[in-house]
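S.K.: The chain contents come next:
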Amino acid sequence: MSDSLRSLNYLDLQQCMHCGMCLPTCPTYTETQNERNGPRGRISLMRAIADGRLDVTKTFGEEMYYCLGCLACETACPAGVQYGHLFETARAEIEHSAVLDNPKRNAIRSTLLKGLFTRPRLLRFVGRLLWLYRATGAQAVFRGLKLNRLLPEKLRGLEAQTPVAQAKFSHELIPPVMGHGRKVALLTGCVQDIVLADVNRDTAEVLAANGCEVHTPPVQPCCGSLHAHNGEPDTARLLARRMLDLINPADYDAIITNAAGCGSHLKTYDRLLANDPAYRERAEAWSAKLKDVHEWLDLIGLRKPQSPETPCKVTYHEACHLCHGQKITKQPRNVLKSIPGLELAELGESTWCCGSAGIYNITQPEMSAKLLKRKIGHIEKTGADVVAAANPGCHLQIANGLRDAGNDATVAHPMSLLARAYRAERGQG
Amino acid sequence: MNTDLRESLQREFPHLEFLHEKEDLIPYSFDGTAAHYSQAELVVFPKTTEDVSRLVRFASDRGVPIVTRGSGSGLSGGSLPIPGGLIVCLSKMDRILEVDTKNLCLRAEAGAITAQIAQAADAAGLFYPPDPGSMRISTIGGNVAENSGGLRGLKYGVTRDYVMGLEVVLASGEVLFTGSKCVKDVAGYSLRDLFIGSEGTLGIVTQVVLKLIPKPQARKTLLAIYDKMEDAAETVSAIIAAKIIPCTLEFLDAMTINSVEDYAKVGLPRDADAILLIETDGPAGAVEDEAQKMADLARQHHAREVKIAQTAEESFKLAEARRAAFSALARVAPTTILEDATVPRSELAKTVKFIQETADRYGLKVGTFGHMGDGNLHPTFLTNEKNEEEMHRVECAMKDIFDFAVGLGGTITGEHGVGVAKKPFLAKALGDLNISVMRQVKKSFDPKGILNPGKIFDL
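Here the protein sequences line up with chains A and B, keeping their order. The C-terminal position of the first sequence is numbered 1851 in the working numbering, with every residue numbered one higher than the one before it. The C-terminal position of the second sequence is numbered 710 in the working numbering, with every residue numbered one higher than the one before it.
The hints are simulated quantities; they were obtained by calculation from the structure and are not laboratory data. We put the CB at the ideal spot given by N, CA and C, even for glycine. Possibly wrong hints are sitting among the right ones.
A few chain B residues that don't get close to chain A, going by computed Cβ distances all over 10 Å [stated by the list, open to error]:
| # | residue |
| --- | --- |
| 1 | Phe264 |
| 2 | Lys273 |
| 3 | Ser280 |
| 4 | Arg308 |
| 5 | Val315 |
| 6 | Leu348 |
| 7 | Ile364 |
| 8 | Asp412 |
| 9 | Ala563 |
| 10 | Ala579 |
| 11 | Ala678 |
| 12 | Asp709 |
Quick list of the computed label-pair ranges, beta carbon to beta carbon [claimed, not checked]:
| # | chain 1 | residue 1 | chain 2 | residue 2 | range |
| --- | --- | --- | --- | --- | --- |
| 13 | B | Asp412 | A | Ser1426 | 46 to 54 Å |
| 14 | B | Asp522 | A | Leu1544 | 51 to 59 Å |
| 15 | B | Pro698 | A | Lys1526 | 54 to 62 Å |
Simulated coverage check for chain A against chain B, where a stretch passes if three residues somewhere in it have a Cβ under 8 Å from a Cβ of chain B [said to hold, decoys possible]:
| # | segment |
| --- | --- |
| 16 | 1440-1454 |
| 17 | 1466-1477 |
Just chain B, same shape as in the assembly (with noise of 0.2 Å):
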């Protein structure tokens, strides 16, 4: 324990919270990351923007490592603590600053819970569309930082198209506020959306500025049930074929499906071997024939039964259900790995049987889901962290799958991030020449290198 800096952090912000005990630190040794634990020196909780910037401006006279956390809730371990660094948790910054229904948007300090937000809009009559499987928990500085996406992606896109401003804390302490409330701004470079999904690397986002949108007239949900994955890989490709986007379109596959039926009981069909989860909104006139178009494509694909949900309570409980897939499938074993591949939309029926026949072939056991319309998949490897070469079969599995989804023009992470956890595949998803520039941005935000340092790619 380095008592000095302790100390001296205390003697210097005598008005902040601080942790220190191994008691304390242990808590925040990881995220929602599996199998990735590391402890940092000390946390503290600062309660406004001048408290940051004082925080960073210490840490930068003395070169130690900042870790910005807010819910800790991150699938990638972007807010995995670093040894002998400061964790910065924003969590106690939490407050919904302004609801602007003139302007439509919202201004929230970093550690405002997201379903809150999402909450603030909708009694305004507003709405804001990202929805990351973990909204109850997740702070949207956490969104910003990760730029995360949701089951409504595929109509409403993630969290970098709903943000209109930012107030971030540089790497000098200085504070800089970037973007406006204007619908149109093309006055320099686009910092913020340089900010968006950086992870913490290159500044520390304070406070944030959203978009707001009406709130859709009408909405339905259906749930189509099919005895072969592929037909149901086939009908997403086949709705967006038809030209038809709606707000979200979900797979799970029969391991998911009874996990999260455990959990949920909501009524899953336990005997299927895929179902899509399909919710289309907007003008109630639009919303009944797109249903009935979608319905019409999935029984030609194939489906068992198309079922409409009957009330709006039930269509948020199917919701609900799928925002609990990926830790429902922690039933089934004691590690569960997940994964965030994303291909082209023609793609996934291809990709969803090579990903069974990898799982197959490395004598693994995964459960895949996903935001299928958004071509974006989480198979999830369920194995025992404890088992070392159990684990080394799942990091040759997922490498097989990266090297998959790249091959076809895709990506290794769709919306959790890169973090630690998906770093040593980035390089060979991006290429050097990308690599190298990521690194000139981040040195020129970042000289001294103590923002969140090793994360997403080393320096």
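Chain A with its partners taken away, still in its complex shape (with noise of 0.2 Å):
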């Protein structure tokens, strides 16, 4: 992948010959209704920075990181026009230029991008450190005094959504080896791993009551996605280049990631190493083992459990990283409808970004809660009283928007509910 707009090929920018059939898919042109906030607007800052006409200036990598980078765009648009790889360039060149540079946003980046998601065990001991501020009653006691509001207005909200951490990660969970037949290895990632480990034995559970032989390495690597989004593409094939080395894609059938934020990364590894003789032919064996859980139990069929009825209405949220980014819409649904009782309730605007998008929902908190309030009111009228999704951000940021809006219904990731209908199965519910 190239890391500046002007060393890109310019074709990719000519692509676009500005239809606007993407504007009603942009969830920020949509709420601005100002051109420089959607798709051919953004991509005609691009041109004109590769043509010279404009600087990489600080207006730009502003509306840069305005963007959620859900790729809705790459869906609607018949041109065929790669957003994704144009945002990701756009963005290297951003952090290139040094023209958002300020104090304390290089302090929480270096922190966050450099530090914290390159060391699986420095994050392991963050996660620890959330989990005892919980669990030792710390949060009660910060709530209760509400020193919130010490806290700077504009991040007053996010202690509110600071993230339940799980005692346990995903390696004490699942068992190095489990089951039987095709041989396939499971990513657990960073944030689910600390978040939501219980998801990744979930998967595992599926995985091996669908006949695989589930590999989980411990103390994996973060995949990088996140360093590709946000400009850090050096960081980006560090990480990508350290997972290639504790996973070799020849040893397995497949590799197997239930996060969709991750996936949409994951399976670009031969594009981000393209350039790397070392690792390009390992990245393109790489990419093309890599699959989304639910695209991997559609391709070899997944077993229907044949657990008891349990009724329950769910709605099912798409997550833009599956549906945009590796577009699979159907089998998430064909998994939710095997489940014996389930009744699954189509959602409003399924596919629009719920504003989590990254680290989103912490540089742009206004957005992100104006697609937040809208994605919980398409909840609402469904009546569900579960809304699955795949992906760790959505899974965050919509269970803070139904505890907020004082709804009850609880967030599950397709692969919990297939588990639970497996066990229930097993006469273990």
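Using the hints, build the complex out of the two chains.
M.R.: Written out as structure tokens, the structure reads:
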């Protein structure tokens, strides 16, 4: 992949013939109706930079961080513009040009992107602290004393969003090898590993129940998706190499991810490492074998659970990087429909971004809140007891939104619902 | 940057949103037309007709040109900005004000999205037929200004056929209402009809009253597949000659079929030379009968296969895929130059053949699709605007096609308007007298020449 707009293949920019078909699907354009906040406007700015008609300015930088990177425009685009690629290149160039630099932003970025998310053990340590924060009652004290008021106004909402870290990490819940049959490696993710480790356990159980021998290497590196989406392609490449060192695609029939945001990026390792002679071939094999878990179950033929019917109304929120990033829309619905007693109520605007978008809810809390409100409104119309979502960011964002709205519905990964049905089938429900 | 203009505007209209940074104006420097770019001084988003009226007075006093814009999806450069000028963007005046089920009409602000108008009509059990390819984003004001067509033009006509009334801000800033909710109304000149298709050069449409009709009881979609493009064209002429008027009669050539299939994956036959997408609607019995007759006619004209869509969803997907044809062709080449030549329907086979021969003669790649039932073709040249030499050949080919169409009694644009893209060809198509009358009309409506100057023709 190219790291600057000028060195990008100009044809990639010209692919956009500015017909405007993307506009009604762009969440930011729909909110503001300002062309700059829409895909074709952003591409016109990138093109102006590639042409030398515009410098990489602070305003351009801010615009590209106002974009969610939800890729709804890619789905809508008849001309086949690879917006995600342009978006990542633009953000890389913005970071390289340092137009957005300020001490606070630099500190946050270097702590999070370069510090925390490149060091799985440190990240887990922070996860442990988060767990302690809650388990020891410190969170209750903080909230009871309303210490929140000491935080800057923009950040006050964030403490309430502090994810509930789980007591155990994925490898403590999943044996290193589980089940028999097709040999697959299960990626546990980083955020998912800390906050939603049971989703990983459920995924492993589902795979084992569908004739797979599931290998779950402990302490896996972050996949680099956050870095690639946030203008740090070098770190993204570094993490991709580490991942390829840990898991050799040649050893497996498939490599499985259950997090949409990771999967969408993991599938592009071939492009990311195309210019790296040492890793290129392995990256190509990797991309070919990388499957989202819903996609994989559909390929090998999902075994319908024979559990007794437990009535439950579920609606399905489509994570952007599953439906737009990977074009996976039917498979998760088929998973849900296979569960006895489960009624699937279609969600209005199911493919509309919930505002989580990686770290967007931290960097753009206002727009994020608007999108969350829109999402919760649609969820409430379904009257569902459970919102199924297959991405940790969406999971946490929607759970927060439901809580704030006083809605009792819970959020669950489709794999968790399926695993529960298999357990009920075995009489362990 | 003219800071005086900006400051006085902001002083005068403190409640309105303005855009003036370079990063704001570049995204407004084009519409849906390829290879035409220019930058305005300012973009302003009025909220009410009153705002528009005051903005026009302001611009008129200072001689600042105004380009009215909706969603910027036009295909002839009608809303292309004018350097030093103002873009009055109506996209935020987008309310649907009234669905009048007693008089079968709907009133909306100019910035309302066409698809949303169609949905509002549908929700009331009614039907707004005009469905331009860009209907999911195009504004009704833009449709009126360009007199947009769509896939259903053959049976239901174009935007003009559904406009009952218009609220228009004149170049003086006065607000005119022309037309009414009456089915019949012959009081005086139909100024309404003069504004429709005037591309923002005579006034700024701020509100529209649209005619709605009852929803057809049934519909059926056919897909006829051909190994020879001319056979498809002959089928269309035969259907018309058999006195059948289907709702939609669309043509796609091999290049277009493959581009659309790459995008939409609806199962179009990639090896066909051409397909016809046919839709008939109306009372269930008549639909059945027409579908049968058209399928027979297609087979008589050597259709390899005639498929009937089994579900409403399948029909909808085929129509949506067709709507994406123009943009999908952009997969093939960096720049797509879209034409809009229209001929009498008896001349279709000849025209399709001529287009292909012309492209071959100039060594160009062309994808042709269009509303064949209307005689309205969209030959689309697949080129690269950075290649000056090839762009010149495209211009030559375009000119030949226009000459050919006009020679057959056709026209240079069936539904996209003239804007800037077809301006050079207008005089040839219409003759000097037509242009001279149009100039007189323009001068009497806009004596200072501030409304979208330089579009359609020069003064």
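S.K.: Are the hints correct? Go through all of them and say.
M.R.: Structure-based check of all given hints:
The Cβ of Phe264 (chain B) lies farther than 10 Å from every Cβ of chain A, with a closest approach of about 17 Å, so its non-interface assignment holds. For Lys273 (chain B), the requirement that its beta carbon stay farther than 10 Å from each beta carbon of chain A is not met, with the minimum near 6 Å. The beta carbon of Ser280 (chain B) sits about 7 Å from the closest Cβ of chain A, which is not more than 10 Å, so the claim that it is off the interface is violated. The beta carbon of Arg308 (chain B) sits about 25 Å from the closest Cβ of chain A, which is more than 10 Å, so the claim that it is off the interface holds.
Val315 (chain B), annotated as away from the interface, keeps every beta carbon of chain A farther than 10 Å; the closest lies near 21 Å. Leu348 (chain B), annotated as away from the interface, keeps every beta carbon of chain A farther than 10 Å; the closest lies near 18 Å. Consistency note on Ile364 (chain B): stated as away from chain A, yet its beta-carbon is not over 10 Å from all of that chain's, at 7 Å minimum. With 10 Å as the threshold on Cβ separation, the claim that Asp412 (chain B) sits away from chain A holds: the shortest Cβ distance comes to roughly 25 Å.
With 10 Å as the threshold on Cβ separation, the claim that Ala563 (chain B) sits away from chain A holds: the shortest Cβ distance comes to roughly 17 Å. With a least CB separation of 4 Å from chain A, Ala579 (chain B) falls inside the 10 Å interface cut-off, contrary to its annotation. The Cβ of Ala678 (chain B) lies farther than 10 Å from every Cβ of chain A, with a closest approach of about 28 Å, so its non-interface assignment holds. Listed as outside the interface, Asp709 (chain B) is consistent with that label: its C-beta sits roughly 26 Å from the nearest C-beta of chain A, beyond the 10 Å cut-off.
Range check, Asp412 (chain B) to Ser1426 (chain A): about 51 Å between beta-carbon atoms, so the 46 to 54 Å window is met. Range check, Asp522 (chain B) to Leu1544 (chain A): Cβ separation about 57 Å, and the 51 to 59 Å hint holds. A C-beta distance of roughly 57 Å is found between Pro698 (chain B) and Lys1526 (chain A), which places it inside the suggested range of 54 to 62 Å. Counting residues of the segment 1440-1454 of chain A whose beta carbon lies closer than 8 Å to any beta carbon of chain B gives 6, which meets the minimum of three for the stated coverage.
For the segment 1466-1477 of chain A, the stated coverage by chain B is satisfied: 5 residues place a CB nearer than 8 Å to a CB of that chain, which reaches the threshold of 3.
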